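**Q** As a plain string of letters, each chain reads:
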Amino acid sequence: MNEQPILQAHDVTKAFGGVTALNRVSFDINEGEILGIIGPNGSGKTTLINCITAFIKMTSGKVVFRGKDISSKPAHKIADMGITRTFQIMRPYYSLPAYKNLIIPLFSPRAKRTGGWRGGGKLGDRGTVGIDILEEIGFERDSAVPYKMTSTLPTGYLKRLELARCLALRPEVILCDEIFSGLSMSEIASMVPLIERLQMDGITLVMIEHRLRELFRVANRVMVLNFGVKLIEGTPEEVMADDKVKEAYFGSEDAEEVMSYA
Amino acid sequence: MSIEDRRKERLDRGIKVRTDGLYALMSWRELSYLTLPRLVLIFGILILPLVMPSMYWQRVISIVCIYALLAISFDLLAHFVGLVSLGGAFFIGVGGYLAAILNTSFGLPPLLTIPISTLAGATICTVLLLPCLPLRGVYFAIVSLMYPLFLARVIEALDILGGTDGIMGIESFPNRWVEQYFIIAMVLLFLFGVRRLVNQDIGLVFRAVKDNDQAVRASGMSITFYKAMAVFIASAMGCLSGACLVHLYMWSGISLFALDFSILPIAATVIGGGGTLVGPVLGCFILVPISELLRAFGTLRIVFYCLILVAFIVFRSEGIMVYGQRKYHQFERWVKV
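Just so you know, the sequences run in chain order A and B. Position one of the first sequence corresponds to residue 1 (this note's numbering), numbered consecutively onward. Position one of the second sequence corresponds to residue 263 (this note's numbering), numbered consecutively onward.
These are calculated hints, taken from the structure and not from any lab test. Keep in mind that this is a model prediction, so the values were computed, not measured. For every residue, glycine included, the Cβ atom is placed at its ideal position computed from N, Cα and C. Take these hints with a grain of salt, some might be off.
Some residues of chain A that are not near chain B, with every Cβ distance over 12 Å (derived) [stated by the list, open to error]:
# : residue
1 : 118
2 : 162
3 : 186
4 : 189
5 : 197
6 : 250
EDC-like cross-link-like pairs, simulated, lysine to aspartate or glutamate; straight-line CA separation at most 20 Å [as the list claims (entries may be wrong)]:
#  : chain 1 : residue 1 : chain 2 : residue 2
7  : A       : 122       : A       : 140
8  : A       : 148       : B       : 266
9  : A       : 148       : B       : 463
10 : A       : 122       : B       : 266
Just chain A, with the same shape it has in the complex (with noise of 0.2 Å):
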């Protein structure tokens, strides 16, 4: 593995107005790890995927990749580097089938210079190519599933369509915005060996998460972000033991009590 980090962030700090949204947070990953993102709602987890892929623009910090400043690059400068998102809110292309809206991300520049996920995008034509991706993504191949209309699908193949979407660049890292969240049990048990191959194909994670017990099952490390400000990060077992996160989700009485559910 690699000794310097693929992706940091230095005091990224956003202001909207007079509410600081994020305060200086800071956090390195390394290639091919999964570090996890948790806190309570409105504590700036969206906010700091957005200020990394330039999505909304940071008021100061540097975010650094492979060594380069991508902190005043455009984000689709940033998405061709190789560092690509999914949306907390789903974002298919709803007038297209599932299988179109991956012809989109193969006709990018990135996936035209990389070939696509495991190279298929110089061999095949687009659209089989993104039938490919699907079915490795968990759409059933030989269904009428990836050829249905995008706005017929339910949530659970929406989350992997976004998946795919980044996955169909190429990408290195992807940040991956509550990726569990509206799912099934069920479905989320489906989700989590896939995230494990794809840290197995070298990709790097970021993950938000409200779910938090599937996600100590992946992640390597845990950042914890409350008010705009990093808590604390570490390893699951060291920020599921520590008084300030549980202070932090669940109020400082009766914090053992609760935590012993999750």
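Based on these hints, arrange chain B on the given structure of chain A.
**A** Coordinates of chain B only, in the frame set by chain A:
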């Protein structure tokens, strides 16, 4: 066998994905079922000038085709890229004035001024509209509506480019058959060209920009670039029709910036069915002749015009073409069962 070969074999295996681009032709009946509407359209338009009773109506057909180009450009931007353009007059004006200047000041023949002003005009329009392309919402509509008003006032106030009199003495087409068939050929070329374009991969990117521009950005593509590309194509169509128009009238004036050129294509799209590309052309073939027939009523024709539009919006808001396509597909099922 290398990984790459094996993967290629896997991708080529079995299922053909692009079924909507492939037709299995099993009989003459199916062949004709697929090609008949297209052939009727192409031959219908080609025969029209020959069956027109008078020069006057032949001229009307040319005007119809000019509006049809504008309507295709509106439909492309509105239904495939998500930009509502009120800039028909802007495109017409820029293309028309460019052709007029090239012809009268530089003495170029129509066959040179038209392509030059198409490309140069499209470039000018795209550059002027560029500032509002990164934004979503009404900005594009407002700005594209503002430019023709702005340019008309500038020409009027500064008395440049002929001022309110306009530029006169512009060369016409070599003869009226060239004029008619050149414009008709352009309509057919752009109609089928744009239809092909929106079904290519790049056309899917355009539709994706309309559907969800944030996801396109997250896929590593600049939405401004793709919007600019679409605006270039659409304004090229508009400038082409503007250039044809000044050579038709042999005159170019500030009435090229009239709102008619912005509004009528939109009305034609409503009547013909948005998102079909053929629909807006049909809409023009209905609306423009009606407005000519109603000329006898003077200003009262606006009333009839409005009534027709309202009736369409209330009773057939999907448009003729969408309705027709649905019925035509039902017809196929009926035959087969």
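**Q** What hint numbers does the structure not satisfy?
**A** 1, 2, 7 and 8
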